[in-house]
Every structure is written in C-alpha cells, then in structure tokens.
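If you read the sequences in order, they're chains A and B.
Counted from 1, the first sequence has number 212 at position 212 by the working numbering; the numbering is strictly sequential.
Counted from 1, the second sequence has number 90 at position 90 by the working numbering; the numbering is strictly sequential.
Misleading hints may appear alongside valid ones.
Claimed, not checked - Pair ranges (Cβ atoms, derived):
hint, chain 1, residue 1, chain 2, residue 2, range
1, B, His128, A, Glu152, 40 to 46 Å
2, A, Gln182, B, Arg144, 54 to 60 Å
3, B, His244, A, Ala272, 44 to 50 Å
4, B, Gly121, A, Ala57, 25 to 31 Å
5, A, Tyr328, B, Ile287, 56 to 62 Å
6, A, Glu279, B, Ile287, 52 to 58 Å
Treat the hints as calculated values from the structure; they're not laboratory data.
Even glycine gets a Cβ: it sits at the ideal position worked out from N, Cα and C.
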Amino acid sequence: MSRPKLLALLCLAVAVAPAHALEPPPLAIAIHGGAGVIDPAKMTPQHAASYRAGLAAALDAGYAILERGGSSLDAVTAAVRIMEDDPQFNAGRGAVLNHDGDAELDAAIMDGHGPRAGAVAGVRHVKNPVELARLVMEKSPHVLLVAEGAEEFALEQGVVLVRREYFRTEARVRELEEARRQAGELKAAAPGPTGTVGAVALDRAGHLAAATSTGGLTDKHRGRVGDSPIIGAGTYADDDSCAVSGTGQGEFFIRQVVAHDICALVQYRHLALAQAVRELIHEKLRRTGGEGGVIAVDRSGNIAMDFNSVGMFRGARDSRGRRDIAMYRDAK
Amino acid sequence: MPRAMLSAQREQRYRAGLEAALDGGFALLASGGSSLDAVGAAVRILEDDPCFNAGHGAALTRDGAAELDAAIMDGRQLRAGAVASVRHVRNPIELARRVMEKSRHVLLVGAGAEEFALEEGLALVPNHYFRIAERQEQLESEQRGARVSDLLPAAQGTVGAVALDGEGNLAAATSTGGMTNKRPGRVGDSPIIGAGTYAKNGVCAVSATGHGEYFIRAVAAHHVCAAVEYRALSLEQAVRELLHGILPALGGDGGLIAVGGDGRIVMDFSTEGMFRGARDSAGKREIAIY
C-alpha cells in the first residue's frame with residue numbers, strides 16, 4: 001500500500017517543479033521619508049522633484065541589493081543610509097535640531113530572522129546611526145544603547161565620530177528659530193510629525209527586515225526619545241508576520257506599540273496587511289490622537305503604506321514590476 | 001539567586017521588603033486610590049530598599065556607577081512615561097510619572113532626563129547614594145570572572161508592580177538598575193513600553209524581570225496583552241506561552257507579573273525563583289520566592 005502512495009508523491013513533485021521555476025520567491029521593498037512634512041500648498045515643483053529623486057535613489061539602491069540575492073537586512077540598511085546622508089530628510093545629516101541646537105539621533109534595525117534587533121538613541125556624533133544600530137545588533141549582546149555609552153561603543157567598533165556641525169544645515173537652523181518663536185507665542189502647541197526615514201524589505205530567502213532613523217522633533221527636549229529606536233513601536237520585523245517602520249508623533253506610536261500591534265493583528269487575527277495597517281493608523285491612533293503613518297511588508301511580499309497625516313513621502317518596488325514614489329494622498 | 005545561597009536571615013529581609021511594598025500599594029487601592037498611585041507607591045518602596053536592584057542598592061555598571069531605568073503606564077488612556085540611564089534621580093519611578101504627566105513625551109534618557117527632573121523641581125542626589133558595598137562586591141566578582149558578564153544576567157532583582165483599582169483601571173510600573181557590569185548606556189526592557197512594562201484597560205497590566213534584551217525582541221509585555229486580546233487566551237496561557245515557549249526559543253529567561261481586567265493575578269518565571277507578592281480584595285495575600 002505504501003509504495004504506490006510514495007510514487008504518486010514523487011510524480012506530483014516532478015509535475016509542480018516547472019511551475020515553481022516560473023515563479024521565483026517575491027522580492028519587495030518600501031521606504032518612507034517622513035509623514036506630514038510639507039504642506040502640499042507650499043511644495044514647489046523643484047522641491048518635489050528633489051524629494052522624489054532622494055526617495056528614488058534610496059528605493060533603487062535597496063532593491064538592487066534584493067535583486068542580486070542580497071539580504072533584506074542589507075537592503076534596508078542601504079536605503080536608510082542613503083536617506084541619512086541626504087540633508088532633505090530628518091535623519092543623519094540634515095536632522096532637525098533639539099532645544100539646545102544640536103542634532104540628537106535615534107535609529108533601529110530589526111532582522112525578522114531570529115528575530116534580533118539593535119538600536120541607538122540620543123547619539124550626537126555618529127554619521128550613520130542605522131549602521132551603529134546594526135553594530136549593536138551584530139557585535140554586542142545588547143539591543144539598545146543610548147547617548148555617550150552608545151558613542152563609546154561606536155569608538156570601540158572603530159566608527160569615526162563626526163563633529164556636531166556635520167548634521168546642522170541652514171534650513172534646520174531656521175526651522176529651530178521659527179519653532180522657538182512659535183513656542184514663545186503659543187505654549188503647548190504639539191509639534192507636527194517630521195521626516196523620519198525608514199525601510200522595510202522581503203528578500204529571496206523569505207526574510208523580513210525593518211530599519212528606521214530620525215532626528216526626532218524640532219526643538220525637542222534634550223534626551224527625548226521617540227518611537228523610531230523602540231522595538232515594537234516604530235520598528236519591528238518578524239519572519240512569521242511582517243516588517244514595519246513608522247513615522248509620526250512618536251509618543252503615540254510608543255503608547256500603542258504600533259509596529260508590533262500591526263504584526264500581531266496579521267499573525268493572530270489573520271487580517272490582511274493593509275487591513276491591519278488601516279486599523280492602527282485610522283482607528284487606534286486616531287482614538288488617542290496620534291498623527292503619522294507606516295510602511296509595511298509581509299512574508300508574501302504585499303506592501304502597505306498608509307498615513308493619517310497630510311502626506312507621507314514614500315516609495316515601493318517589487319519583483320512583480322511595481323515601482324512608485326508618492327508624497328500625498330492622491331499618489332502624486 | 002540559587003536557593004542554596006539565600007540564608008534564612010536574608011530571606012527574611014527580602015520578604016519584609018516585599019510585604020512593605022505590597023501592603024503599601026494595596027492600602028492605597030483599599031482606600032479608593034488609583035492603580036497608578038498603587039504601583040507608583042509599591043515600586044518607590046522597593047527602590048528605597050537596598051535589597052532590590054532599583055534605586056538605592058541598584059546593580060553597578062562596568063564603570064562602577066548606578067544607571068537607572070524606569071517606566072509607568074496607565075491602562076485607562078494608554079498614557080505612559082519612562083526614563084533610562086539616569087544617574088542622579090533618587091526615585092526613577094517618580095520621574096517616569098512626571099514624564100507621563102508633565103511633559104508631552106514618553107521617554108527621556110540620560111542627562112536630558114535629569115535636566116527635566118531639575119525643571120520639575122526634583123532634587124538630584126550624588127551617584128554614591130545608590131551604591132552599596134554588596135553591589136560593589138558583585139561587580140568585582142563579575143569582573144574577576146570570565147568576560148561573560150555582558151551576556152549573563154546576574155544579580156537581577158528588577159522591581160515592578162501591576163494593579164487593578166476599584167474603577168477598573170489597570171496600571172503597571174517597573175524600575176531597575178539593569179545588569180551588573182553592564183556597559184554604560186545599555187538599556188534593558190524595563191523602560192521600554194511594550195517590552196518590560198504595559199497596561200491596557202480591560203486586557204491586562206504586565207511588569208517583567210529577566211534578561212531584558214530577549215524581552216525587547218519579543219515585545220514581551222505587549223505580546224501577552226495581544227495574546228489575551230486577539231486570541232482569547234487566558235492570561236495564564238498567554239504568560240506561559242511567552243515565558244516557557246517564545247523566550248526560551250530565543251534563548252532568554254526571566255519572569256513577569258500580570259493582572260487581568262477581571263483582577264486575576266498571574267506570576268510566572270522560567271528562572272529558579274522570583275521574589276514576588278500578591279494581594280487582592282478576595283482575601284488573597286501571599287509572598288513567595290521560589
């Protein structure tokens with residue numbers, strides 16, 4: 001009895017092999033350059049073109065890594081690093097300035113395979129915080145290092161520290177002055193979301209990864225840490241569910257544990273990724289008052305990008321031929 | 001702490017400390033106080049007690065300093081406050097509550113958190129206030145030993161409390177000095193909302209203790225709440241799955257205390273022991289170590 005059964009299975013395996021060969025495992029990457037950053041009315045065509053070019057550079061560099069068989073971890077690191085180096089975005093060079101006029105940077109990375117994670121917060125002399133976060137994950141037994149202790153670790157790892165002036169751009173100095181002026185006029189006005197950057201990806205091996213990097217809020221209190229470097233809040237990846245990177249009013253993302261909650265809804269409530277994202281962004285965050293958005297990718301390569309703010313700078317590319325860059329609601 | 005190493009006299013001191021915190025917190029609940037006040041008071045008492053690794057008597061970093069983390073969460077509106085890597089705040093749990101109530105932020109770290117403490121009128125204390133001879137000895141013995149101290153948690157004893165009050169509000173609070181011989185700037189799960197501390201009305205309140213890095217990766221406290229809310233697991237089942245399934249698979253151990261929206265208390269651990277106490281309005285009152 002058992003022999004014919006075995007044969008049948010073997011035949012089946014032969015029969016389905018060509019179909020598998022025609023359909024390679026999906027690849028997908030999505031990036032964001034922040035939610036609600038710029039009022040569309042104030043966006044000049046030159047600005048728009050420049051932001052699009054910055055997003056495209058990060059998106060395509062990340063995708064190229066996936067396409068040549070690289071890991072999702074390498075893809076999200078590369079994409080975020082490019083946006084950290086681009087002064088248009090609020091991360092790395094060009095990060096917003098805190099109340100004391102300094103850039104104070106946070107970043108996290110998570111490998112859905114493991115899962116394992118690394119994060120840094122409150123660093124002021126590290127050119128690419130996402131790379132330091134990755135070193136925390138790979139070269140230390142820890143997940144989160146903050147402030148001077150994180151920079152001490154950077155030096156031990158051979159990372160060259162840079163002067164604080166490296167991060168400061170004229171545009172951010174003007175924004176800080178404006179924020180201070182407004183703070184003097186109307187106290188307690190909650191600042192809008194800023195241009196945090198992030199990436200999520202699925203690679204050929206089926207591994208998910210997420211990375212996020214930010215300068216936080218303009219005029220923030222020294223030592224304030226938002227959701228970006230908090231595993232589960234602004235950054236999360238698990239091969240069994242999904243990878244998420246958030247941007248927005250970080251305090252609300254921390255309280256709702258947004259990134260992990262999206263993955264829990266996918267894994268345990270069996271919601272489609274887009275539905276889970278919608279539930280967090282348009283229901284749960286709305287109830288507590290948080291503004292922002294997320295990008296997410298699941299193990300099948302589905303990408304979801306959603307926000308409850310004016311816009312979210314974003315891009316997505318996958319092995320089914322999708323490649324788009326968008327800034328506002330109407331995909332423009 | 002292996003059972004064999006704990007003398008009867010020491011055990012008595014731990015029990016007395018746990019009782020004081022438990023009864024201090026419960027007295028507030030019994031007189032109609034909020035769960036937020038109850039967990040704040042219980043944790044504050046444990047911070048002041050040198051037996052426990054939080055506040056006075058905290059574990060020391062590899063540089064010999066105390067570096068403290070704490071968080072508090074109000075399950076009613078999902079409000080939260082936390083501080084990490086503070087060196088001069090006598091009661092970190094109080095500062096965490098100020099962050100929640102007096103700032104628009106959730107997490108403040110390092111010198112910036114202490115700046116905020118000063119703005120709030122809290123007096124700072126010198127770092128030696130926290131340091132006790134016993135922790136110094138633990139640090140030295142760790143540093144004499146193999147360089148595994150970064151990897152293995154020793155002399156834990158993070159403190160925490162969870163509570164349900166008469167209005168049905170849940171709250172959680174956690175405070176710690178982290179690992180002995182830790183790298184300065186290392187932050188564990190205690191001040192991470194969703195990892196070591198979480199509270200959501202109608203679902204559960206959780207405070208964890210153990211190998212923090214694994215609790216962060218597992219988003220442990222929120223995982224328990226999500227398992228209860230989305231999969232209709234009982235609180236016991238959700239906690240058991242985390243501590244005896246998910247965390248060991250990652251390589252981590254530890255324990256946690258949790259209370260459900262119905263007042264049910266769960267205390268479980270994968271280590272040899274966990275100093276703990278529970279008290280409720282049905283008359284339960286217990287202190288246990290193993």
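What are the numbers of the hints the structure violates, in ascending order?
-> Hints 1, 3, 4, 6 are the ones this structure does not satisfy, whereas the remaining hints hold.
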